[in-house]
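Engineer: Protein chains in written order, with the working numbering: chain B, 966 to 1343; chain Z, 33 to 123.
Take the hints with a grain of salt, since some may be wrong.
SDA-like mimics (lysine to any residue), calculated; alpha carbons at most 20 Å apart, straight line [as the list claims (entries may be wrong)]:
#: 1; chain 1: Z; residue 1: K59; chain 2: B; residue 2: L1291
#: 2; chain 1: Z; residue 1: K100; chain 2: Z; residue 2: N122
#: 3; chain 1: Z; residue 1: K59; chain 2: B; residue 2: R1190
#: 4; chain 1: Z; residue 1: K59; chain 2: B; residue 2: G1134
#: 5; chain 1: Z; residue 1: K59; chain 2: B; residue 2: E1337
#: 6; chain 1: Z; residue 1: K100; chain 2: Z; residue 2: P46
#: 7; chain 1: Z; residue 1: K100; chain 2: B; residue 2: L1239
#: 8; chain 1: B; residue 1: K1177; chain 2: B; residue 2: R1190
#: 9; chain 1: B; residue 1: K1177; chain 2: B; residue 2: G1340
#: 10; chain 1: Z; residue 1: K59; chain 2: B; residue 2: G1340
#: 11; chain 1: Z; residue 1: K100; chain 2: Z; residue 2: I62
#: 12; chain 1: Z; residue 1: K100; chain 2: Z; residue 2: E69
#: 13; chain 1: B; residue 1: K1177; chain 2: B; residue 2: G1134
#: 14; chain 1: Z; residue 1: K100; chain 2: B; residue 2: T1088
#: 15; chain 1: Z; residue 1: K100; chain 2: B; residue 2: R1333
#: 16; chain 1: Z; residue 1: K100; chain 2: B; residue 2: R1238
#: 17; chain 1: Z; residue 1: K100; chain 2: B; residue 2: G1134
#: 18; chain 1: Z; residue 1: K59; chain 2: B; residue 2: E1267
#: 19; chain 1: Z; residue 1: K100; chain 2: B; residue 2: K1177
#: 20; chain 1: Z; residue 1: K59; chain 2: B; residue 2: I1335
#: 21; chain 1: Z; residue 1: K59; chain 2: B; residue 2: H1295
#: 22; chain 1: Z; residue 1: K100; chain 2: B; residue 2: R1342
#: 23; chain 1: Z; residue 1: K59; chain 2: B; residue 2: A1132
#: 24; chain 1: Z; residue 1: K100; chain 2: B; residue 2: L1087
#: 25; chain 1: Z; residue 1: K100; chain 2: Z; residue 2: P75
#: 26; chain 1: B; residue 1: K1177; chain 2: B; residue 2: G1153
#: 27; chain 1: Z; residue 1: K100; chain 2: B; residue 2: E1244
#: 28; chain 1: Z; residue 1: K100; chain 2: Z; residue 2: R121
#: 29; chain 1: B; residue 1: K1177; chain 2: B; residue 2: A1132
In case anyone wonders, no lab produced these hints; they're calculated from the structure.
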Amino acid sequence: MAYFDAASTEPLHPAAREALIANLDAGGADPARLYGSARRARLLLERARAEAAEAIGARPDEVSFTSSGTQAVHLGVLGTLLGRRRAGRHLVTSAVEHSSVLQAGAVHQREGGTVETVGVDLTGRVDPAEFAAAVAREGTALACLQTANHEVGTLQPVPEAAEACGAAGVPLLVDAAQTLGRLPIPAGWSVLAASAHKWGGPAGVGLLAVRKGTRWRSPLPEDERERRRVPGFENVPAAVAAVAALRAVIAEAEEENARLSALVDRVREAVPRLVPDVEVVGDATRRAPHIVTFSCLYVAGEAILTELDRAGFAVSSGSSCTASTLRPSHVLEAMGVLTHGNVRVSLPRGASGAEVDRFLSVLPGIVRRIRESVGVRT
Amino acid sequence: MTSRQKSAPEEAAPPPAALTIDALGRKCPIPIIMLAERINEVPLNATVAVLADDPAAFTDVPAWCRLKSHHHVASYELPGGGWAIHVRRNY
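Just chain B, with the same shape it has in the complex:
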């Protein structure tokens, strides 16, 4: 089986596995207590925090470990809105943010706040001028923008958004889930959220960083853990493993990005040449190194996923009727590209050229057979 679904979850990095096993016992005590094993657990946790802070360009006291990337986003969005309540109740996001951002916005709206969603162009990129205009509006409490889109890989204009937010005095939450570990974090964020299993750490660990000077208040009941930012007992071994993976992937990033990006270019070039009536979506150059998405006309997303699985390829799709949803992906809808017949290939660390070539050799026949089965000839 060739695993091409890194954007959903990256396989556990060997450095994470090693650190997890090595610290399962040592990291098991309560880091809030004062006896020896507790102090050792706290030391492990604080060392992981310092290393995570260094990796994202933050101070250790700005960084918290959460129980997931989604929890980091929920706390980041709702906590900043709560902290900034006096400044206003208006939230600005892009139309292609991860559902965790949009759902946090929906909660804000139900509680009487307002949300403005900035659209994207055909490549999935936010127009920086439009985003800046939205941010400058009176009463904006928070703006949110992802580093790269999780479904099509397009990089967002975070530096420009950060500049606009700085000028307007509005904090910017950057969702770095798809790029942390792979690409440097753009400067200018006030709140940063990320997810360890996307970079090869274990599931169940997220990162939330809140810059000093950014008003933030927990939207959840009071809890002493993680400097009162994140409720619940810390998972010290998982946090240590997550940071071990982060350091390892950062060290490998330059070489691995170049390799995976060349494979993505190969897919982007070959798919429209080998398969008729296909649209490769997302920006061809301003993109995450490992993600490529295309849509095949006249093909149901579910059918193509099933056939690719049978041929030994794990990929995902933004089409409706795939996995958990009856609606097509909000990202593809916002871009205005075909939502049916959609395939996302996202390459994990170590994906090989031979696997990609085999994918390219089986895809044309699979698409042709599905089309023929519904009476379409191209």
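Guided by the hints, dock chain Z onto chain B, whose structure is given.
Structural biologist: Chain Z in isolation, oriented as in the chain B frame:
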């Protein structure tokens, strides 16, 4: 790159079309397949109306027009749910 917002559906009654394809209750890509099969039945510059209620069709019919160089005229909301998506045959 053109900055493009997904066009909001028109609320006015749709103008008459040369051909109406009833794809109500059909899931994508079936409405698109029906449109591709039958668009050549109308004269050049005439309009085909695709009636569809799969949410994917609202995005996918205009996207098909862009890929196939036909013209998406407008999408009109139907009183019973779904849309009449009007497409002009360009070639």
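Engineer: Run the structure past the numbered hints and jot down the numbers of the failing ones, going up.
Structural biologist: Numbers 3, 4, 6, 9, 17, 19 and 23, in rising order.
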